[in-house]
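Chemist: Using the sequences plus the hints, can you model the full thing?
Listed here are the chains, written in short residue letters.
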Amino acid sequence: MTDVTAGSLAQVAAALRAKQLSSVELTRAVLARVDRAQGALNAFVTVDAEGALAQARSADAALAKGDAPALAGVPIAHKDVIMTAGLPTTCGSRMLANFTAPYDAFVVEGLRNAGTVLIGKTNMDEFAMGSSNETSYFGAVRNPWNTEYVPGGSSGGSAAAVSARLLPGSTGTDTGGSIRQPASLSGICGMKPTYGVCSRYGLVAFASSLDTPGMFARTAEDCGLMLNAMAGHDARDSTSLDRPREDYTRSLVEPLQGLRIGLPAEYFGSGIDPDVAAAIDAALAEFRRLGATTVDITLPNVNLSVPVYYVIAPAEASSNLSRFDGVRYGHRAEKYTDLMDMYKKSRAEGFGAEVKRRILVGTYVLSHGYYDAYYLKAQQVRRLIADDFRHAYERCDVIMGPTAPAPAFRIGAKTDDPVQMYLNDIFTIAGNLTGAPAMSIPCGFDRRGLPIGLQVQANYFDEARILNIAHQFQLATDWHARAPSMDI
Amino acid sequence: MKWEVVIGLETHAQLSTAAKIFSGASTAFGAAPNTQASAVDIALPGVLPVLNRGAVERAIRFGLAVGATISPRSVFARKNYFYPDLPKGYQISQYEIPVVQGGALTIATAEGEKVVRLTRAHLEEDAGKSLHEDFHGMTGIDLNRAGTPLLEIVSEPDMRSSDEAVAYAKQLHALVQWVGICDGNMQEGSFRCDANVSVRPAGTTELGTRCEIKNLNSFRFMQEAIDFEVRRQIELLEDGGRVVQETRLYDPDRHETRSMRSKEDAQDYRYFPDPDLPPLVIDRNWISRIEESMPELPAAMQARFAEQYLLYPEDCTALTVSRATALYFTRTMEELAKVPGVPYSSQGHDATNGKTVANWVINEIGALLNHHQTDIANAPISPQHLAELIAHTDRFKGTVSHKSAKEVLTAMWAGEGGPDAIIAAKGLAQISDTGAIEKIVADVLAANPAIVAEVNAGKEKAFNALVGKVMAASKGKANPAQVNAILKQKLS
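So the protein lines, in turn, are chains A and B. Note that the numbering used here has the first sequence beginning at 1, numbered continuously upward. Note that the numbering used here has the second sequence beginning at 1001, numbered continuously upward.
Quick caveat, the hints were computed from the structure, so don't treat them as lab data. These numbers come from a predicted model, not from an experiment. Incorrect hints may appear among the rest.
Unchecked claim - As a list, the in silico BS3-like pairs of lysine-lysine whose alpha-carbon atoms are at most 27 Å apart:
#1 B:Lys1475 to B:Lys1439
#2 A:Lys344 to B:Lys1129
#3 B:Lys1129 to A:Lys335
To be verified - Interface residues of chain A toward chain B, partial, derived using beta-carbon atoms under 8 Å:
#4 Ala105
#5 Leu203
#6 Val204
#7 Ser209
#8 Ser238
#9 Glu316
#10 Arg323
#11 Val327
#12 Ser367
#13 His368
Heads up, the beta-carbon is just placed ideally off N, CA and C, and yes, glycines get one too.
Modeler: Printed below as a string of structure tokens:
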């Protein structure tokens, strides 16, 4: 990497600390790249040049004084479902197109306190509902590897921005795979920590029991550095876990000798793109060379993940999205006859088709007479799936497989078939249902040159172990270092 | 046909926490609209509920007070419906597993004591208020009340008349204040009741179709509304009609209930466990700590007063009408024992002292409270001053007559000082000095030989005339008992 401004997060942090460049210079370079790429990628909803430069100047001052926090001056971006004080937070929806967040989310506070410079807010599927970033009110995001293709979703803007080397790290949220799947399709790292490790305070809720803040970066080390700033207990979120602080980069350098990798039969069946299957096989061979062994395991109920998810997530969403009623903030229809008419018009105009579809499904499954058959049953199966993983971890340390069944698809290819779209998350959803951590790391390309991701899943709170495994893989391979050839 | 009335009550008691149940905003009543609504209360995107343990503690106190089971694990659920004063589009409540299960309340009825069983009590948040009057063609929303903690207390359909329903409501109203979980202010909506009313042919066991009556914000309205509703249902049935299950609203101006919405319009609330709140786990230690801090309950206190002071049951009930009244009584007892010259409890004078103090608290203080339309917590007479005054009466030192003592009490209420100062200032002390009285008697006898002659002739009325003359000569201050005794002695 000759251009230090396009380096990894660890590299730019070090360069800033070594005063090879200033945060203001870096921020200007990043803002220019973001601006140049916007037409091709549509990765950003909001760019805050003024705010970013102000933060860069304070970062430079702190760096000059020598008391700068760990990530001082490092440019990042937040997915636009995460509240950022004073900046629009749209959730990719017309409903909140004019909404300005009055406070910072917990993860925003954490990254701010770590010294990062917030460049802007990234585009996303509306209210994080989608796997292609095509449902955004602000238009589709495009894949930097081929702009005719989707970057994955719902955190597509955050993934595309890091993939295109616009900036070294960004945040995302993962409810059914919304970090890992776009990371896979965009050729970068994306991690979903254990549910409760990063507070959901300030995350606009989609499905509360599944929503997990996480991050995108190009290397495992960068993900660890970001997680160090994003994790922690938060009294404002009752599901936030009060655990001792830890350094998630502490075991990066440990060798993988003796690592037991579980390979679930269910992740290697039919329906997997042959290029993906080949890339995963090659990655597993690499892990064996690094000293790991593989164990065949089975997760008997994991195939029920998608139906279970599409009961629980819409159910919670139908309730969570009730607050968008046009009464206090957000979109309100211009003309209406009475209260009911105002509700109906405001929500009909404010929400897009996919959001409406999920509200309808969620309302249905919670309805009187259907609750037991759908929601309650789904929760029971959810526990069975968690049991499957618990049993599997008696025989292995981590579980690997493809992050997504296929590489990126063309924009528009699946928009008419929601079920095909939902199947993109077939391997990632279980991690949300159980709450355990998981990560996607680049492991190859298909014949068209589109990236392929390997998913590493581990038991609760094993983030450092996952990062160790990913780091060792990245020391041995260069998939993560390959950049799309965009002219920006 | 003879009909039996069946009533169950659902009561919302506002819990007396300083902050709301899921946010840090104040619960104080009467602030300017929307000045006590936090980001959580107005349901901004991304904010989350955090349970106020003070609300849970109050629910536990209630459960202990009614002998209920405290659920070791209860679950908060979302009740989903759209309304402008419900900012999240759902109310956080408890549905399948409430924090308090079972329990009972004993009420006094015309036929004696009766046990009303409780079904459950659960925690939930209040909604805001829609203000339709103040804005022409628009509705104002005040979210100050949104998120205020409520305990919804549900009774079994155990009441058989409006009298019993009111007795239950009053008993519950007193109890929630007694255990310190609710201020009981019905005007401000801190204690609200809905009544489920049905009728059935006497002697049958199947429940009739019920109507739920809302807006019963006073005991009088409750009585009127239930009576109206019972008449309405009986007339309907006797005319061959049938009762439709519905929610009815009481109109206090027209003294009638009217239909608000029928069961057919009932919403599907789509309850499900709130994923933002882990199950509420209450361990034995928490309950034990609260048990230790529980006040003596009214029933126990009534029994103690009856045994310790030999008070009549109705006096025991009157003294435990509120914790403030009971405290006033017991503190006056303590103060009385401190007054020099007054026999105190360890000398076996509990019964005498207790009855005297009970009379003063119930009758004299009670009359003043009634006259001034206030409650005992605001009484301007301290238990110490009342005790000092009681010590001056005939029962003890005999410094003042009963009539004068009441005058002193009125003056104390008016803030004129303590009893000693008022007795001195008004010159109300009785003359109990035998020498002084003997001198007045001698003067009166010398000045009224004719009356003395009548007495000697056996006219009893004449004796009373002499007493009157002596009292007049002493300007009413002579101790009447002593005057009587001395006169008798001199005339015999």
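Chemist: Does each hint hold? Answer for all of them.
Modeler: Taking the hints in turn, this is what the structure says about them:
1. Pair hint B:Lys1475 plus B:Lys1439 holds up; C-alpha atoms about 14 Å apart against a cutoff of 27 Å.
2. Between A:Lys344 and B:Lys1129 the CA atoms are separated by roughly 22 Å; this keeps the pair inside 27 Å, and the hint holds.
3. For a cut-off of 27 Å, the pair hint linking B:Lys1129 to A:Lys335 stands: about 24 Å separates their Cα positions.
4. The beta carbon of A:Ala105 is positioned within 8 Å of a beta carbon in chain B (closest approach about 6 Å), and the interface hint is therefore held.
5. Interface restraint check: A:Leu203 against chain B, minimum CB-CB distance 6 Å, threshold 8 Å, status holds.
6. A least Cβ separation of about 4 Å between A:Val204 and chain B falls short of the 8 Å threshold, and the interface hint therefore holds.
7. Interface restraint check: A:Ser209 against chain B, minimum CB-CB distance 4 Å, threshold 8 Å, status holds.
8. Because the closest C-beta pair between A:Ser238 and chain B is about 5 Å apart, less than 8 Å, the hint holds.
9. Of the supplied interface hints, the one on A:Glu316 holds, with its beta-carbon coming within about 6 Å of a beta-carbon of chain B, less than 8 Å.
10. Hint status for A:Arg323: holds, given a least beta-carbon distance of 4 Å to chain B, under 8 Å.
11. Taken as an interface hint, A:Val327 checks out: its beta carbon lies about 5 Å from the nearest beta carbon of chain B, inside 8 Å.
12. A cut of 8 Å between beta carbons decides the hint on A:Ser367: the least distance to chain B is about 6 Å, and the hint holds.
13. Contact between A:His368 and chain B, as hinted, is supported at the beta carbon level, the nearest pair being about 5 Å apart and thus within 8 Å.
In this structure, none of the earlier numbered hints is contradicted; all agree with it.
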